[in-house]
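Student: Here's the letter readout for the chains.
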Amino acid sequence: MSTPLSATFRAILMRDIRLAWSQGGTGTMALSFFMIAVTLFAFGVGPEPQVLARIAAGVIWVVALLACLLSLDRLYQADYEDGSLDDLALSPLGLTGVAAAKILAHWLATVVPLILIAPLLGMFMNLAPEGYGILLLSLLVGTPALSLIGSIGAALTVSVRRGGVLMALLVLPLYIPTLIFGVGAVDAAMGMVGSSANLALLGAVTLVALAIGPFASAAALRLALE
Amino acid sequence: MDTPEPSFDAKALSAHGLACRRGGRMVFEGLDFSVEPGALLYLRGANGSGKSTLLRLIAGFVPAADGELMYGDDAWGTGDAALSEAVVYVGHDHGLKPALTLRENCQTYARIMTGKSLSENVLYDAAETFALDRLLDQAVRFFSSGQRHRASLMRFLLADRPVWLMDEPTVGLDADNREKLAGLMTRHLARGGLILAATHDPIGVAGATVDVSQYAARATVQEGWL
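So the protein lines, in turn, are chains A and B. Our numbering numbers the first residue of the first sequence as 5 and each following residue consecutively. Our numbering numbers the first residue of the second sequence as 414 and each following residue consecutively.
Bound-form chain B, shown alone:
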């Protein structure tokens, strides 16, 4: 745990005039932000203001309707292969296979993301961080929802990638695990990684904030719609 970790060769991620349309409705438009390597950006905003959509847009799942997203001097790829090398995304779904044990889930995930097998040390460290080390050989279908959520957060430690996209990472975490998560994020930032976190709760790591609600589309549905 105390061995010095190599720092990332990450670049700044920035958005200019970003807009996104879902189901024919403009979710947000004219969104600007910039995240330097080693910096954390909180996405805040009311429910439905587009925090999750923005994260999925950055992960490349949702296309942008307008604007550009830059990684260093390059346009953030629109295909699925180019940008996927840099991102770990953990959303509301935990992505665990109930029939497999936690160990198998983690090993499969790491192999799919990196093509290499997972070292035991990394696996134990990750499991220990979220107090799941006793459950490694337990099938995931016996996990509680809190345990599943913690297991899904382990993904940040399993794939060694610079850009972390966190969607509500603190939901269902107790104070102790929240602290662990904060420690993890601080360590990632110290290595020169980038974090974008959509959350309502304070995590306790310093970072800039973007309020996504402010970029809500100005063109609203006409009055007298009923």
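Extracted from the complex, chain A is given alone in its bound form:
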């Protein structure tokens, strides 16, 4: 027996996951972009295994971040354009809860597939064997911050036509800490140094984003509804 509020939260979550993987959704788009862009690096840099191995973690992290950004564009805009944002605002959950549900749905539907495919791309990039576990772990700990921070940017630019570029300008600088500690964790593990410091900082960034993301997104959405 669940309370109506958690049922409402689940309803929004399921709706968004479903839309992400239906026709015109962002799930497939982000995943294919991730795979193609990483492969391009392997072609562009050339087939020297040492060079590829050296940049593997950085390339995978940067492209994952860009793929995530690519899909965030539509996080609220689709709902804003067809008017369902009005309906969501009138749900008993309130806009903060709605934003939280949509962020979680974005992470589950769009980012988790990227994490799952990352080991394969690690193989393309000749990632050292000791790097795989920590790459997955760092992505798992770090990427929720990408969805949370990106949600604020998406909510702020929801009423701006072609606001994707503006959103990228707002959001990308805020992604830097996640990127540094994420790549740092993998590099530390491959250099046989403990990576727990980097992982802890990565987790800290995610927790800060968690504390701010849903509330700031809701406030920005409220402005857009006016």
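Honestly, the hints are just simulated from the structure, not real lab data.
Pulled from the structure, derived: some chain A residues nowhere near chain B, Cβ distances all over 10 Å:
#	residue
1	F37
2	M127
3	V164
Here are the computed distance ranges between Cβ atoms for each label pair:
#	chain 1	residue 1	chain 2	residue 2	range
4	B	E533	A	M18	16 to 26 Å
5	B	F555	A	G137	41 to 51 Å
6	A	I180	B	A595	56 to 66 Å
7	A	A223	B	G620	35 to 45 Å
8	A	F47	B	E533	51 to 61 Å
Not everything, but these chain B residues come out facing chain A in the computed CB check (under 10 Å):
#	residue
9	F474
10	Q520
11	M526
12	K529
13	S530
14	R568
For glycine and all other residues, C-beta sits at the position ideal for the given N, C-alpha and C.
On the provided structure of chain A, position chain B as indicated by the hints.
Tutor: For chain B alone, kept in the frame of chain A given last:
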């Protein structure tokens, strides 16, 4: 359809000296009205006089610049959670997801609004009312604009809430469907619900009228502005 429906525990909605500012311009000011449970209020006025703005203000999307809005003896909430339990708002945008079928759209809407799953009877009744029962399993992207509009009106029947805010509900409806809508509104009023409808066309349900144009802001732009 003929089963007696429970009546609402609704209260009177009243405004005193309500004003609203959009983009630095006062849209209306000093607006007073009062709607008792079981009563209908038509909002009339020229294009741009603020009918839609008033409805969005009551729905809680737009903040009031001045005045107060009361629901019974309580101030109508300014947050998003408190008042949202009572309102169904249907505006110009239909709020339907093109990739989903009408059935999925309705079920998602009902779940988001009530936290409960939609009973088949309610869904069929609502679809039948607007002659959409054959289209329930059709993806909404194949709908005509008239069908989309009728589908958006179904929302009034899906979320069981006392206060209906209708923005131009009759646009694009033929005589037959207009009659159906009137029947629906009469039934809602008989249950003790409240309706505020902004419309240019007569719907055929008795109700009081407020002319929003009369409350246009008196302070106009200075002459010689050019």
